[in-house]
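Visitor: Going down the list, the protein sequences come from chains A and B.
The opening position of the first sequence corresponds to residue 634 in our numbering, with each subsequent residue numbered one higher.
The opening position of the second sequence corresponds to residue 26 in our numbering, with each subsequent residue numbered one higher.
Do not take every clue at face value.
[Stated by the list, open to error] Below, a list of computed lysine-lysine pairs in the DSSO-like style, where the Cα atoms sit at most 27 Å apart:
no., chain 1, residue 1, chain 2, residue 2
1, A, 815, A, 797
2, B, 30, B, 234
3, B, 387, B, 234
4, A, 1093, B, 387
5, B, 321, B, 231
6, A, 1093, B, 88
7, B, 321, B, 30
8, B, 30, A, 1077
9, B, 321, B, 387
10, A, 856, B, 235
11, B, 231, A, 1077
12, A, 1093, B, 321
13, B, 381, B, 88
14, B, 234, A, 1093
15, A, 1093, B, 231
Since the hints were made in silico from the structure, they are not lab data.
The primary structure of each chain is shown beneath.
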Amino acid sequence: MRNFTGTLKAAFEYIDQELGHSSDLSFRQCQIGSDNTPALIMWVDGLINKQSLNNDIISPLMSGSRSINRVDSDETTINFISHSLITTTEVIQVTSYESLIPLLINGWSVVIIEGIDIMIAANTQGLETRSIDEPASTSVIRGPRDGFVESIDTNISLIRRRVKNKLVRVENHWIGNMSHTKIAMMYIFDRANPDTVSEVRTRLDHIDIDAILESQYIEDLIKDSPSSFFPTVYSTERPDDVAGAILEGRVAIIVDGTPFALVLPCTLFHLLKTTEDLYLSYPIATFIRWIRFIGFFITLLLPASYLGVLTYHPEMVPPQLLSSILSARDGVPFPLLMETLLMELTFEGLREASIRMPKSIGSAISIVGALVIGESAVKAGIISSPSVIIVAGTAIASFTIPSISLSATIRLLRFVMIILASFLGLYGIMIGLFLLGIHLSSIKSVGMPYLAPFAPFRPKEAERALVRVPWFTLRKRQK
Amino acid sequence: MIKNKISNGQFFFIIFVAIASLTFFSVPSQLVGKVKQDLWFSMVLGTLIDVYVASLLYWLGLKYREQSLIQYTNEIMGFLGRVINVIYLIFFLGAIITSMWIFCDFLSRSFMPETPRIVFSITMTICAGFAAGKGIETIARLSQIIGVLILLTSLILFASALPYVHIGLLFPQFENGFLPSTLGAIYPGSWFGICVIMGMLMPHMKAPKKTLKVKVSAVILGSFIMTLFLLYSIATMGSNMAGQFENPIYILTRISHFIIFERIEVLLLLIFISGSFITISTLFYSVTVGTAQLFKNRTHTIWVYIFGSIIIFSPVFPYSQNSYIVEEYLSHWFPYVALSIEGGLTTLIFLVALIKTSVKNKS
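The following block holds chain A by itself, in its conformation from the complex:
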């Protein structure tokens, strides 16, 4: 550790060299005390709040320090400056360069005084941030409209203002050998399972990576069964969502620089719930939740079942329905498998295209998709209308799944199911479901089985997963 020697020139040269003569390193020279002792104030442009620097450091130093008769290395002088002159929220005294550099690049300003071997660092952090806005990934009809921003402090405050309780705990970690990204773990002390909290803490401590630019990095590094397609960490942009999760006893991870917070543990049924369920009346919320459950299975199984039933078990379909389907398919040049795959892939292409397009062109894509594929291809006899109906039904169902990552996983597995159904019909789908079932029953999210509360069955939680329990019954239960 290299200690500060008390010479301004040496100090400036050392810091300048350490930061590679970076052009955003700024300084201001001044003289303090009645004996006009030279002093240097240093900061990194863009990371600090200039108003705070002027009002809380430069101005008090220059005007207030006149009362100091002799500036020397006496401890009282340094204490007077840091405790009575500088008015920022945080001030610390630093003696080594090693601890100084991280403070500088975190938006602190440093005061160095000639002849004194202690430096004063004051927190003048002031990053430009986006204003709080409605989250783009999840919009609600009824419910709070604020979303997380890129600043971790703002995000923590958004949660704190919802749960004003002394039991809320925030633990900071700095992860990333290069990026030193600030990460906060939030939970409610007597609600979160201590094993879960310590497990999450251990996993965060064990991360060894260069940089964290988004919470996805953390998600990938701490999730259970990393090879699994299924998300075992819940990510959200909504503060009310995180507040609800920590109230349930889960642990939230907030990462600086991204509006997406993570929540653990996360089971399959957490991914099929939305915060809006809590803001709607209970019968409607329950009904919508059921629609989502059905949507989940339709997304996974509808095209595969259509293919499997028509190819292997046409006797299952009522005769009139079967004859309508067969007459619609009359003249279609592709086998059923190819037709289904073609349509599903086209739809996936359209979906991707419409996401990447600007909003104004996005509607054009849907018109082209609907007209060209839906209308013209059927009229031309290239594909059959039942296939279009099946693909459209699957697409609508896939939009009911609230989690983007779960929806993507299910859409991908749908293709596996289609292939299995084309080889073995409904038996193939059963085999696919067995394999999926084994996988889902064997994975966990920080110790919580992924299919909980149904397998293993926990009656009270299962009731809450299936039905949005009305608040008045909860009040009665508490009594």
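Got chain A sorted already, so can you dock chain B onto it with the hints?
Guide: Just chain B now, with coordinates in the frame of chain A:
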């Protein structure tokens, strides 16, 4: 200390699903033709046989806590225990191969006639092996979901087949005396007795003291539901006609309608295929873990591959080519051998353990 623990509810559904799926695929062809409308009596006796075996295993399981059937047999019987363990493991393997053969044969004849039988055994072995490799917790969790599905499907089928039932077809009862139905008890008894795997699962129980209660209620519910299925099929088609079919329950669902769906037998079959998957997985887990315990291996994974490669060939084993031998095997050899192992050997171990305990107490 055993890590993988299963709850009472999970154990209940493992046993219930095993009873239901084993009865669905294996018992009807033997029982309906031979015992006809008195089959309920055979099912009751079969249940009693199973409850008897379960009581012995329960006593042994509590006496030798956290030890499996294979482990305490070694401790109780000494060298002979090793021989008995080998017999148990061969029996478990034989039971998997037999049920896999029946499963593949049935699917191939009733469900997908053009698909080679080996395709069914390969796919089912992969799934069961995957589940067995993941451990009993995974199988137990899945059994909870599949068990509920079987229960719901059964209730729906009972309701939708009600209009076709003619109670008169279930009479007269005991037309030929009690003997046929008493002898017929060996079929359900031997298949229910496969639940001797309870001895392998008991060390995993969270509350071992409740095992017997849970096991008995699961067996009673399972055999009750399946007896109802069998009686329904006789009450719908008549005992003579029902006896002609290989699986009258399957034919019963073919007759029934559910809302607009006319051919719901495929759905029923799929539900019972999932039941078979749980049963075969549990047996597979028991045989691989038992073998690993016998050879003192650290994990059972290697045995999953070894036994898996044998089970895959179940549909092409020599006995399956000749229908006469199959009939002989399923009507006589399997039930008697199974009963003597499930009931006989377990009773022997129980008696030796009892004598050893009383001698120890006296001294």
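Visitor: For which of the previously enumerated hints does the structure constitute a violation, in increasing order of number?
Guide: Violated: hints 4, 6, 9, 10 and 12.
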